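Chain residues, written in single-letter form:
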Amino acid sequence: MDTWVIATSLIFLYLVFTLVLGVVANRRMTVDMEDFLLCGRRAGFVVLYLTVVASFHSVFAFLGSGGFFYTHGVGFWAAGTWTLLVGAITYVIGTRIWALGKAFGYITPADMLADFYESEAVRVAVAAVSVVFTILYIQAQAQGLGYIINIASDGRVGLELGTLILLVVAAVYLMAGGLRAVYWTDVLQGIWMYIAIWVGALVLSYELFGGPLELWRAVSEQRPDLLSLPGPKGFFTPGMWIGMTFTLSFGVIFQPHMMIRYYTAIDAKTLRLLGATTPIYLMTLFIPAALIGLGGAVVMPGLEGPAADRIFPELLFAYASPWLTGIILAGATAAAMSTLDSILHANMTVLTRDVYQRYINPDESQAHYVWVGRGIVLGLLVVGYYLSVLRLDFLVVLVTLSGAGALQLMPAILGVCFPGGRTLTRAGVVAGISTGLAALYITLVVSPHPLGLHGAIWSLLINTAVAISVSAVTPSPSKETIERVHGELERFVYGTEE
Amino acid sequence: MESQPTRRSHFIPRTRDGWIATISFLVIFMLAMPPVTHTLLNRTEPWILGLPFIYVALFAVYTVLIGVLVWALRRGL
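Protein chains in written order, with the working numbering: chain A, 1 to 498; chain B, 1001 to 1077.
No wet-lab data here; the hints were simulated from the structure. Model, not experiment: these values are computed from the prediction. Glycine is no exception: its CB is placed at the ideal position from the N, C-alpha and C atoms. Don't take each hint at face value.
Covered stretches of chain A, as calculated for chain B (at least 3 residues, CB under 8 angstroms) [claimed, not checked]:
{"id": "1", "segment": "68 to 81"}
{"id": "2", "segment": "219 to 227"}
{"id": "3", "segment": "412 to 420"}
Start from the sequences and build out the full structure, keeping to the hints where you can.
This is how it looks when you write it as structure tokens:
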């Protein structure tokens, strides 16, 4: 049987299975917003672990990271730094976000920030950042899905059609089962993608080089430029290393699809365990990615830009068995879909809660909001599809831009989560986010990475300086609110916990 | 401007174990950041267990950082 037949069949089999999970999740669902949007705040360790890692590691980890090792060499092993920060952020900040969400019924990031800073302007700014920048993420995942199914079918399923099919499947199981369906499919996807990338990398290393150690030796002999910093194209300068570390940790964690996961944990102990152990999965997934990218640079040189992102499937088609190729490409599909469904869900949550319920129709039944959420998913599907077929671009750049946008929420979030000293004010937060976004545009698009420092870091520094300066001369949140929120954190962190 | 409620800072650890975890994580994390990465670690020799030095050194730093997080968990921080 031809490779493309097996690969495409396995992907479609996988898609059918995710739809079945969506239907089963629908039968377990009760018609209220907390259940539909937050899985009833009852997510345990195993489910939460696999949904967090599967959502964090998108198609970028499967395709983009191999492409990055291929093009820029061992410098991409910097990925370990941001995966470690993700663990520490979850441990320290994620638990505080969980505590506040449980105490005050927050559902979205904007709920928390608007409550503390007592400002609808803050709610609108945060909701806008949440949606605008994660839509770029939808584009990246959808494009990745299009790549995968196009490659798996050997070009028989076009990029646009493949993207549409996979977007529709993710939207259908999300509409059917809400966040529970997303979590259940993420469990499957988290396991599948991890096994797939490891098996694929090891099989290729033995097939092409006789083993991983021989692969590293071959790279040192034939492409020594890939084994030093800043890499063959001078990409991994100190400024880029630092910038990517903070953008792809804080910037991704502060996106709504990750923050909302903190609200859903069953207790704080689960989140602490999650923080201490998620880096194991997140970091070790880049070990096989290095083998794929660096090995690919030796045996299949000459791929540039977006073509480099396809090094893993290209190697599989050239050197692996049809069944293995199919299983691994289904794993790549899992990597993209697990992030895509999470972002669709987060955007649906933000638009339903922060926009529709808050400003358009505040006094409707729970069932009404659930149905509105489903309608919003359909709208997002159309927007995501339209954006994804506009053009193809280098995946990691899109992800970095997305992360840099959410990074602008960092001063405001730290102001809520860390009592002590003078707090930021609503005017300071709005001014900081606005200035930070303007600075981000200048330092990422107009004049990328001035003085070699990543644009995200420039924008964060400017954001923070403006937020602090404006806060020094504008009215603080009321004493009652500060006492209520920071008092809760004091009890949670240093007093009795639950 | 109105005065704000005063509260002990949450940025500063309040226990010995808290200080150990915070300082350990930050110091070890700096070993995986420039300038260390681009100077001391930026070499392939010596090869360790068949792998280049920079790769193994960073892996060791990451592993120790996970160890710090697990230690904090076990100490109930």
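Right, here's what the structure says about each hint:
{"no.": "1", "hint": "68 to 81", "result": "holds (count 5)"}
{"no.": "2", "hint": "219 to 227", "result": "holds (count 3)"}
{"no.": "3", "hint": "412 to 420", "result": "holds (count 4)"}
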